[in-house]
Amino acid sequence: MNAIMPNVMAMKGEFIQATWETIYMTLMSAIVSAVLGLLVGVLLVVTQPGGILEDKLTYSVVDKLVNLLRSIPFIILLAVISPLTKFLVGTTVGTTASLVPLIFGIFPFYARQVQNALLDVDHGVIEAAESMGSSPMAIIFRIYLREGLADIIRVSIVTIISLIGLTTMAGAIGSGGLGDVAINIGYARFENDITFMAMIIILILVFAVQLIGDWIVRRVEHN
Amino acid sequence: MTETAANAIELKNTSVHFDNGDQQIDAVKNVDLTVPRGDIYGIIGYSGAGKSTLVRVINLLQKPTAGTVIVNNQKIQQLKPVELRQARKKVSMIFQHFNLMKSRTVQGNVEYPLLGTKISKADRHAKAEKLLKLVGLSEYAGTYPGQLSGGQKQRVAIARALASDPEILISDEATSALDPKTTKSILELLKQLNRDLNLTIVLITHEMQVIKSICHNVAVMDAGEIIERGSVAKVFTEPQQKLTNDFVETSTNVKEAIERITSTIKISEFKADQELMYFNFIGNSTKQSVVSELSQKYGVDVNILFANIDQIDGENVGYMIAIITGDLAGFNGAVQQMKTEGVKTRILTDETLKGGDGQ
Chain A
1 MNAIMPNVMA MKGEFIQATW ETIYMTLMSA IVSAVLGLLV GVLLVVTQPG GILEDKLTYS
61 VVDKLVNLLR SIPFIILLAV ISPLTKFLVG TTVGTTASLV PLIFGIFPFY ARQVQNALLD
121 VDHGVIEAAE SMGSSPMAII FRIYLREGLA DIIRVSIVTI ISLIGLTTMA GAIGSGGLGD
181 VAINIGYARF ENDITFMAMI IILILVFAVQ LIGDWIVRRV EHN
Chain B
1 MTETAANAIE LKNTSVHFDN GDQQIDAVKN VDLTVPRGDI YGIIGYSGAG KSTLVRVINL
61 LQKPTAGTVI VNNQKIQQLK PVELRQARKK VSMIFQHFNL MKSRTVQGNV EYPLLGTKIS
121 KADRHAKAEK LLKLVGLSEY AGTYPGQLSG GQKQRVAIAR ALASDPEILI SDEATSALDP
181 KTTKSILELL KQLNRDLNLT IVLITHEMQV IKSICHNVAV MDAGEIIERG SVAKVFTEPQ
241 QKLTNDFVET STNVKEAIER ITSTIKISEF KADQELMYFN FIGNSTKQSV VSELSQKYGV
301 DVNILFANID QIDGENVGYM IAIITGDLAG FNGAVQQMKT EGVKTRILTD ETLKGGDGQ
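The listed protein sequences correspond, in order, to chains A and B.
If you're matching positions, the first sequence starts at 1 in UniProt numbering and goes up one per residue.
If you're matching positions, the second sequence starts at 1 in UniProt numbering and goes up one per residue.
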C-alpha cells in the first residue's frame, strides 16, 4: 500500500477527517433541503391549476422562483451567495459556511423532483379522499406524502447523490471535505494517488446511498 | 331537524358550464333530479353525456354554475368548508377504477374514512373487520390492493365507502371495468346494502343491463340533459325517446334479433295471410298461455322466431317475435285480444317493407 499510494498513507488522518466533513455537509444540507424542498414541492402541487388548494398567484410566483434558483450554476452561486453566508454563519469559509450555498443549490432541485413525484399520485385517489370528506391537510399527509412515498425516496436518492457532487465543488472555496482534499492537495501538488483515493471514497459513499435507498424503496412499495 | 325528508337528493334547475378559454361546454343543462330516500336510482347515457359531472354535483366535487342542490335536507352550496366535509361523509362514492390507496393494506383502506375522527383505534379496527366481513373479504385484511382482482378491489372500495355510515352511495360506473360475472356479484352486493342498510344508491352506467338488474328508477341523459325518466319497468316497456329505445333494445337482445330475422328471411316472399309481429308484455299477461289461446280461439298459427323473458324491478317482461298466419278476421281478433290483455304489438312486416321502399 505504501508503494502504490505513498501520499495517501502519509495523511490517513486527514482523509478520515475529510470523509466525515463530506458526510457532515451532505447530511446537514440534506436535512434542511428536505424540509424546504418538501414544503415547496407540496406547495406547488396543491396550488397548481386544478390542485386541492388552487391559487394561481402563489403557484406562478413559487414556480418562477424555483426556476430562477435552479438556473444559477452552482460554482457561481457559491460566490454570489457569500454575503448571505457571512450574515448567517459569520464567515464564508469552512464546512459549516458551505451549508448555505449547498442548501440553496439543492433544495429548488429537490422541490421540483418532489413536485413530479407527487404529480404521479393517482388523481382518482385524491378525488376519492375529497369525496370521503378529507381536509386539504389530511390529503397532503395521508394521501400525497404517503402514496408518493416510494417516489419521494427515489428522488431523494438522486438528490443526495447530486448533493455529494456539490460538496466537492464547495471544496473549491475551502469548505473542507473530500473535494477539498482532491483539488487543493491532490491536484495542486500533483499527488495523483490522493485525488484517486478521494474519488474512491466518494464512489463508495454514492453506492452506499443508492443501496440503502433502493432497500427502503423495496420496503415501502406495494404495487 | 331530526325528521327525515322523503327525498335524499334534490337537484333543482342545475347547470354546469365549463369555460376553457375559447371552448365553452355545457356539461349539465337545467337538470331537475329527485331521488327518494332508499331508492336505487340509475342514470344512463353514453360517455360524454354529463352523467359523471351531474353526480359530482351531489357531493360538490363539482360546483354547479346554477341551481340548488339539497342533499340530506341540507342546501350544500351554503355549507362552510368544514360542514361540507362533514356532509360528504354521508355521501360516499365508488369509482370505475376503484381508487384505492396502494400504500395501505385492505384494512388500512377501509379504516381511512375513520382517521381523524373521534373513533378509537380499537373501534376503528373492529368496524373495518365487520365491513370486510360484510363484503366477503375478511381473509384479505392484511393484503395490499395491488394483489387483488378487480372485483375484490371494488368490494374493498365498497367497504371503505360504508365506513363513514353514509346515507347515500354514488356509484360512478363502478362495474364498467369488471367482467359480467363479477359485475353481477357487485350489483347483488349493492342491492343487499340498499335493502339491509336502507342505503340510497345513485348509480351511473352506460349499460342498460345494470339498470335492469338493480334500479327502481332511471333517468336517461343525453348532451347534458335528462331526456327521459321514470320507473325502470315503465321506461323499459314504453320508451319515449329513440335513445332510450336503443338502450332498451340493445339490452334485451330484441334489436339484434330483429336485425337477424329480417336479414335471414325474405319478407317480400310472405304470403298475404302472413305477418311478422313483435309482442311485448309485462307482468301478469305472461302468466296466461296467450299463444295457445290465440291458435285455439282465432285459428291463427303462431311461429315463434325469438322469445325472451326478463325480470325488471321484480316484474316479468316478455319479448316475442313471431310469424302469424291466418285470415284477416282471425288476425284482427287475435291482435285485439292481445291488446286487451295489455300486450303491445307491432307489425314488423310493414316497417321492414317501408324501410325497403327506398331501394
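In case anyone wonders, no lab produced these hints; they're calculated from the structure.
Where hints are given, some of them may not hold.
To be verified - Derived EDC-like pairs: lysine to aspartate or glutamate, alpha-carbon spacing no greater than 20 Å straight-line: (1) B/K89 <-> B/E139; (2) B/K12 <-> B/D39; (3) B/K130 <-> B/D165; (4) B/K80 <-> A/E54; (5) A/K56 <-> B/D19; (6) B/K102 <-> A/D151; (7) B/K63 <-> A/E127; (8) B/K80 <-> A/D55.
These numbers were taken from a predicted model, which means no experiment stands behind them.
TODO: Run the structure past the numbered hints and jot down the numbers of the failing ones, going up.
DONE: 1
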